[in-house]
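Model the placement of chain F on the given structure of chain W, informed by the hints.
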Amino acid sequence: MIFESRTRKTAAPALRRVRTAPALRPLQHRLDPSAVEEIELRAGDGVRLGLTRIGGDSGGDRPAVLLLHGHTASADMFLLPETRNLVDVLLDEGCEPWLLDWRGSCRLPYNATGARYTYDDVALYDIPAAVARIRERIGDRPLFVVAHCIGSLCLSLSLTAGLVPGLAGVVSQGVFLTPKLAGRTSLRMSLAGELLRSRIDHIPVDFRSVGLWSKYTPLFALASRKAGCPDPTCRILHHSAWGTGASLFVHEHLSETTHGRLADLLGPAPLWILPHLRRIELARTVVRWHDTDHRYRALPPNALDAAGRIDTPVLLISGSENGLWLDSQKLCHQVLARRQPQLDVRYTEIPGYGHLDTFLGRGAALDVYGHILEFLGEHR
Amino acid sequence: MREVNQDTVAEAEAIERGGGPLDVPGLLAKVSERRRTQPGDAAGPAPGGGAGGAVAGASPTEPESHESRTGPENPASRTEAEGTGHGRPAARDVHALAAAVSAVAGRFLPGGELAVDADFFDAGGSSVDAVEFAAALEEELGIALDLDEVFADARPISLARRVPHAPPPSGSATREAAPPVPVPPAPVPPAPQGTAVTTATPAAVTSAGPATARPEDLEQILADLALADRLPFVADPEPLPPRRILLTGATGFLGGHLLLDLLRHSDAHVYCLVRAEDEDAALTRLGEALKSYRLPWSSEVRRRITVLPGDLRRPHLGLTDETWARLARELDSIVGVAAAVDFLRGYQSLRGSNVLGPLTLAELAATGRPKPLHHISSIAVFNEVGIASMGEDDPLAHIDRLVSGYDQSKWAAEVALRRARDHGLIVTALRPGGIGGHTRTGAYNPQDLSSGLISAFGRFRTVPAFRYLNAAPVDWVSRVAAAVVCEPDAWGFDYNLTGVPSTLDDVVRDMALGGMHVRVQDWDEWRTGTLARLEAEPVPGLAFLTRVLRSPTALKLCEATLRGPAAEMERTAALVEALGLPPARRYDARAQLKTFEKLAEDGLGRLPARDDPPYLWFSETTEGTVGPVGAPADVPCSMALTLSIASMHQLVSERRVDVRGTLTCPALHTEPLTVERGDVWVRPEEGIPQRHGMKHPLLRYRLELVDASGGRWWLEGRKHARARRDLWRQTRALTVEIGPAGEPATLAGEVVVPADSYVRDQIDGIEVDPRLTGREKRAAKLTWLAWFGLEMGRGLIGPFARAAADLLDLRRTTTLTERHR
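Protein sequences, first through last, are from chains W and F.
Just so you know, UniProt numbering puts 70 at position 70 of the first sequence, and the rest follows in order with no gaps.
Just so you know, UniProt numbering puts 385 at position 385 of the second sequence, and the rest follows in order with no gaps.
Same shape as in the complex, but just chain F:
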């Protein structure tokens, strides 16, 4: 097989040079001609479904392995072989074209080459690479494939077969050979998507969005399900908390968190399957991944894990027979978290990781001593538009109505493992919904759709009208999953780890609390608007969201998610209560705060900043006198300032108010000076006195000033709380120091807010962002007043509390009467 590959590579290179036996247009013509004359043909050599081991483990990246091992008894390869059996004569041209395609593909891959029947994504290609690859195909080979087609099945051979010059007529060999799969009419009327797609995405004009799965995918799914029947019959595992656990997907978002939770809440040693060349590389990769999720990575973590370089998609996980046998003997629990999470790729491309991988884990669980298999499934198994309920024991979606490859692959894996249960295997299916960022660290999954959506909500201040958001923070999901793994009585059931669903109202209110007043839009309107804005000013971190919003298949997935019912989790709730775990809470504004902050830090989200139109503002005037340092203050000095905040978040996290305005002081310049940048901190440093004593700072002003001739000055001012009865003056009097930029103070004095202007300006005169509704404005104003009032109150009371404590210390010390003296 290796030689064949090299031949095709050589052939492809020849074609690229233009000196080969045929040029690309010629090839294309030949292929389409053959297609027209031989409608049955759509095939190259069987791409191989999976063999090796007792069960599965197809590896598209290693063609030689299944070429040699594919047995006639393998159902997957049999179906494909039958489906493709009588097209041999034409295969050569398709094959040559495929070779050309794979040569182009190779340029976008880390390995530099791609076998004709290997999947582009499995070989390391990213979505971005795929977009570039499709563009290159069109530009260089003249093959114009729909982007969705490329994502659905990105094996060169399959792309070559789908060259659009001659679409295979209906009733092709594939269809005939397929088991009778009834193709029902679309479950929903073709959504108004079509129109929106036309306006927004030129790439998707051709397709109005598929309503049902592609027949060839269904065929493959059925073949994959049958693989579970090859598992041996298994006895029950010992019902003890695990001591040695195999964990896949530890470099992923949920997997990393689960790894730490398993270590924290059990005494187990964890073996992590990591895709890497050798152990060092695997360890480095795992460490990098954990650190990127703000998880600890220290010698203490390393001493309790063992990394196993391998690959979930390969037979026996890509491990040596010796390691495999040792694991089969020693492990007492298997936790499968690894999955390819990509909403654009098709079933063919995802099945290796998402279906065959879990089946290999089931094989390991059934080999040697029996062990439970805990499989992280997904709420995506219910992701059918119009499904009635999503309880833990409710029927899954109809597979023919799942259109996205991701949904299909998660469904297939769960159903295949259900079959494995009939062999005696203990299989737990844990189905998270959206996995939100960590409530304490803010670590989030940049590739997760819900992170993308939430950051788009915050960024564009619009949300699409959805019914429920079935999302829970990663810390809760992983904590509950770890508890299931460690509790034998919890094994073997299905759990929805979806948390408490948020309704649209909840989300809108949460965002308003965070100072982000969002507007609700119809799904199509939202998608069009968001896509237009993402295209107008691309955000690097949200590129995948742009692609998702452009892909008709992925849109179907989004639509089903947004229109779906609330997921229920009775069994999970019972478990949580019985084990005393933290109960599920709604993933609300407070829980999301850290994630929002990190999203903003990473440039994905956006928090309101100084340059934005302010959220709330009011004016402040001060009058007073300053004089040279050490001399009496006799030069008048006044300020006319505007104090504003961009969001309540700024207040709560930084306790800072932005300042603009002017300062007039003849000692500095005859003309008023402009505030270039100004801040006011409320109770700076928690009111800790600057020097030992009773003067607790209430407010700190720091202004950078520019005079009319370009001279630069700084002003530092403080209001202090003291244990004296002039409280009203303490809140208004500002002790200031002024100096030229970069030099010590030259002027000092005191300016005071006139008593009559205080209430007029700072309470009655508060203005709020005019884009808000009246109710929102009143709420904003009251929130500010309440917050500021409380802070001032706390600040003013501090010195009095100290004075009172001094009084109490004067009390007579009693002679103690306790027995144990």
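Just chain W, with the same shape it has in the complex:
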């Protein structure tokens, strides 16, 4: 009964879009506006994405670094105005940061509305399109990719499909080829997600946008059980990672401003993505969703089996306290070292860090970016 949405309106009904296309929410940053260049990008299947180049003149031999956010986050996660962020550090290091908002970005509307997608689409259309567009601009300058969470998972599928050859190096945070979730998280995601799937289509994180009394209220209440922080957005994210019961970040690592902006930084999580995520997680490797749709045959059925196609050095990093993907990266390093010993894969653990705080944390520049810079420096 609580799931029956009553007639009470939480927001005015949107106008049917007849002329406008989905638009990107503006980036939030403290850079010189002239140094930020928005580039119009459509994925191979026509979906509007966001691509941003940072840094005024494109001259010199500055290596380009493409930053991929996680699902429901956005390019904003690399541009936090309140801390020393990755873009600042890369600019100081003489790199040219490129930010892609793939279709899972909260700057785009697709998570909450619009057509559904699977991670196959991201790996097949979004990432290769962005890499191709960047290559057009940078010529033969080296191109690195730094990817977080699902962005990194999709990148692994693109890499093993051979869709983005010739990268100078890949830094993957959180999870790469071998996703591993805690049993409890996996159970909640599979069963609770399944129960909710036919009733709601996404889990919001911003209490203010749905109101105090709504069909999401029980979700917020459940996620808040035994949580330390009173902020409902923080509770559903930090304490529960969209209701899965995993911890997304180490609470102490976020500055107060970032903590207050969580609802802007992370958007609603769609539930219709769960079947693909569940299939990936239960197989413990990245697997393709579409078995019969031949448009996706470029993607390998199992990315780990095709890992031999990776043609670039990979640095796997992960917080030692990653509450969502646990020690997936360490596992990935072990598995690749055994099964594909010819690959240049390294693993670095960031002591004391969780999942998201490796990029959002106020001390991330000190504890995390040093490892990324060292890797870029070695391979540029």
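Derived by calculation from the structure, the hints in this document are not laboratory data.
All of these numbers come straight from a predicted model, not from anything done at the bench.
We treat Cβ as the ideally placed atom computed from N, Cα and C, and that holds for glycine.
Careful, some of the hints might be misleading.
[Stated by the list, open to error] In the DSS-like style, the derived pairs of lysine-lysine whose C-alpha atoms are separated by at most 27 Å in a straight line are:
1. F/K291 x F/K598
2. F/K695 x W/K330
3. F/K598 x W/K330
4. W/K226 x W/K215
5. W/K330 x F/K291
[Claimed, not checked] Simulated DEER-style distance windows between Cβ atoms:
6. W/D291 x F/A755: 37 to 45 Å
7. W/L195 x F/E750: 39 to 47 Å
8. F/R771 x W/P341: 36 to 44 Å
9. F/L579 x W/R338: 39 to 47 Å
10. W/R346 x F/G742: 23 to 31 Å
11. W/R338 x F/G774: 37 to 45 Å
12. F/G793 x W/V18: 51 to 59 Å
13. F/V752 x W/R346: 37 to 45 Å
14. F/G793 x W/E37: 49 to 57 Å
[Claimed, not checked] Listed below are several chain W residues computed to face chain F (Cβ distance under 10 Å; list not exhaustive):
15. V89
16. R197
17. G228
18. R284
19. T285
20. V287
21. P301
22. D305
23. R338
24. E349
25. P351
26. R362
For chain F alone, kept in the frame of chain W given last:
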């Protein structure tokens, strides 16, 4: 002064050559004769207490500086001058002897020379060097000094004065001139230490362990305390989080961690005082130190720090006047972490770093704009045998009952800074207890006594009966210290950063959880036993522990630590709660795990390994058939294996079981083959299938086999979980491949554990290390069964979960009704 030094060096060289005006025995004779006739004499020129600047900053390594600056008004030098004033005539011989001593000492020092009134340790000598130095003194000059004496005061001049041929009679000049220091009777009955010392340490036979401080040390302490009175009166600093912080001791264990925590939790720029020649060397030294503690060192760290090459022990920190003035003007916080942590050295040797250094920092804090001074003290200020309580505001120990130089120097620094508070200076005293290894990185302080003790506990499987271990992990200590520095309302109080004390029971239980069942021994028994074992097979990293256990003074410190009460930390706990910091947790087995692993990695600790007697084992028999690859399997093959683990740690961290036993297969050899090295991994690689599909590995066997004629073979076997109903068989059936060493497989087949032998061997037949008690054995057995059962359960359920998910995916996709579509 420089010339004088060179003269004495020349003289010493002449003596060494034997061609000088006097040879060493002659000198010795002369000195002792003079001593006998002139009981008042025990002196050379005043060694200099400290001057320079407004306050202090004695620098034993730079005699010229205080020779020129020592003013008559300086209380420290005055006492010494008075004490030594009327011994001038004899000074020359003592001086010559001192010159000989310093020439010997020079050989053990990086600089190659040592001024007669400079401290051996301050000049860069290590404890090992000191031991060798003392041996050389005895061998070459015939001066047999007790090792403890050398450590107590290692200035050549002072060593020369203490030549044991003629011990100065009581009531010497020093004693007379000293302020009246009542020497109370020993607070505790002379511990049964004496006997143990005799049995275990020939070096310490002569002394049964001092019970009170040496009078000359007390005298020096009082003089040093008076230096605080010279500070100016200061206004309150602005109550704002600091923007520019001076940090000393950043190359140390706590200092390094504190540096990073200050950077992480504030926006401040940190100036690090580092002992080095120039800025490059200082930067390199700091980087090396941070990396050795597994702390980040990148351009991002470097852009927020400035290194200042200098020396805490020197006036104005060894900085130029310009830098000093700039710092006095610009800094808005000073954090003093640097200290010489050595439990063997005496007060004289430690005061430069531990007392005069903090006083110089206080001077800097009081100069220019007022700034708070945050001083890392130590719980050692309570380290008196028999003290009743160690709360934050409880009375400190009685200084005359602190015998170890380290305890004395930390006490003196804290008390001197308390006096500074009366001048208006905001002084925070942060007192850590034992600082344990980092809970995440495992970085530990190799020179820390608690690391040494913990590694000895693990290594020898014995612990001495102590009351409480007041230890907290370095990450917590440094986090709280950083929070105090950044929170103006927290400034100016005393904090115990001791964490939650562990009792003996806690520690014993923790170690048992880690598979290390320790036995508790009486302190003397433990010390004797440990010392005997350390001597029988020396561990390089634990050499300092051996020296500590041999030194009567350091033993006093250990004794006080082990018998002390639990430290309390009400104010710290309130602060932690108010600021939302991670609350203190007991430094338990889980928190220590990483440190244990790193200790083992560095050879200091020892984790149980394959060659040790196993912790738990059981047998497994398998029967089946193999055949050439691709052909039907028709050759019988059986294995009789013993599966064992050396510790639970091995299971949890490596998920690996050791295998021994034999394999019988006529296709390989008529005789049974022996397993030379064998491993079984439980749910290898988290059960990720080898190839895309539903076959999730449960167990992986890898055996290296040797046949009776010396031929070598390998065997690779796997048990798989599948979404099929023959679960019982899945747990028993092993698909194997066998091949000659270094070549591909020649045989393949399947062997199965017979159903009737499974329970008999692998559950009822579990054996546990006979040295454990019955209760420990049952616990070990149950832990193994629970762990293995859970792992198997998880492994078997995996394929079924995938099958179930496939079913769920068949559900009809609902048409969504959400408003925002």
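Now for the hints, and whether the structure bears them out:
With a C-alpha separation of about 14 Å, the suggested pairing of F/K291 with F/K598 holds against the 27 Å cut-off. For the suggested pair F/K695 and W/K330, the alpha carbons sit about 22 Å apart, so the restraint of at most 27 Å is met. Our distance criterion of 27 Å between C-alpha atoms is met by F/K598 and W/K330, whose separation comes to about 18 Å. Note on W/K226 and W/K215: the hinted pairing holds, with a Cα-Cα distance of about 21 Å set against a maximum of 27 Å.
Taking the CA atoms of W/K330 and F/K291, the gap is about 21 Å. The hint holds against a cut of 27 Å. Taking 37 to 45 Å as the suggested C-beta distance range, the pair W/D291 and F/A755 conforms, at roughly 39 Å. For the hinted restraint 39 to 47 Å between W/L195 and F/E750, the CB-CB distance of approximately 42 Å keeps it satisfied. For the pair F/R771 and W/P341, the beta carbons lie near 41 Å from each other, so the given range of 36 to 44 Å is met.
Range check, F/L579 to W/R338: about 45 Å between beta-carbon atoms, so the 39 to 47 Å window is met. One distance hint, 23 to 31 Å for the beta-carbon pair W/R346 and F/G742, holds here, with the actual separation near 28 Å. Look at W/R338 against F/G774: about 41 Å separates their beta carbons, and that is inside 37 to 45 Å. Checking the proposed 51 to 59 Å range against F/G793 and W/V18 shows it holds: the Cβ atoms sit about 56 Å from each other.
For the hinted restraint 37 to 45 Å between F/V752 and W/R346, the CB-CB distance of approximately 41 Å keeps it satisfied. Remark: the range hint 49 to 57 Å for F/G793 to W/E37 is upheld by a beta-carbon distance near 55 Å. This hint holds: W/V89 has a C-beta 6 Å from the nearest C-beta of chain F, less than the 10 Å allowed. The interface hint given for W/R197 is met, as the beta carbon of that residue sits about 7 Å from the closest beta carbon of chain F, less than 10 Å.
This hint holds: W/G228 has a C-beta 9 Å from the nearest C-beta of chain F, less than the 10 Å allowed. Evaluation of the W/R284 hint against chain F yields a held restraint, the C-beta minimum of about 5 Å falling below 10 Å. Of the supplied interface hints, the one on W/T285 holds, with its beta-carbon coming within about 6 Å of a beta-carbon of chain F, less than 10 Å. Given the 10 Å rule on beta carbons, the hint for W/V287 holds: about 7 Å separates it from the nearest Cβ of chain F.
The beta carbon of W/P301 is positioned within 10 Å of a beta carbon in chain F (closest approach about 6 Å), and the interface hint is therefore held. The closest approach between the C-beta of W/D305 and any C-beta of chain F is roughly 5 Å, which is under the 10 Å cut-off, so the hint is satisfied. Here the hint on W/R338 is kept, as its CB sits about 7 Å from the closest CB of chain F, short of 10 Å. Residue-level restraint check for W/E349 holds (minimum Cβ-Cβ distance to chain F is 9 Å; threshold 10 Å).
Proximity of W/P351 to chain F holds as hinted, the smallest CB-CB distance being about 4 Å (cut-off 10 Å). A cut of 10 Å between beta carbons decides the hint on W/R362: the least distance to chain F is about 7 Å, and the hint holds.
No hint from the list above goes unmet by this structure.
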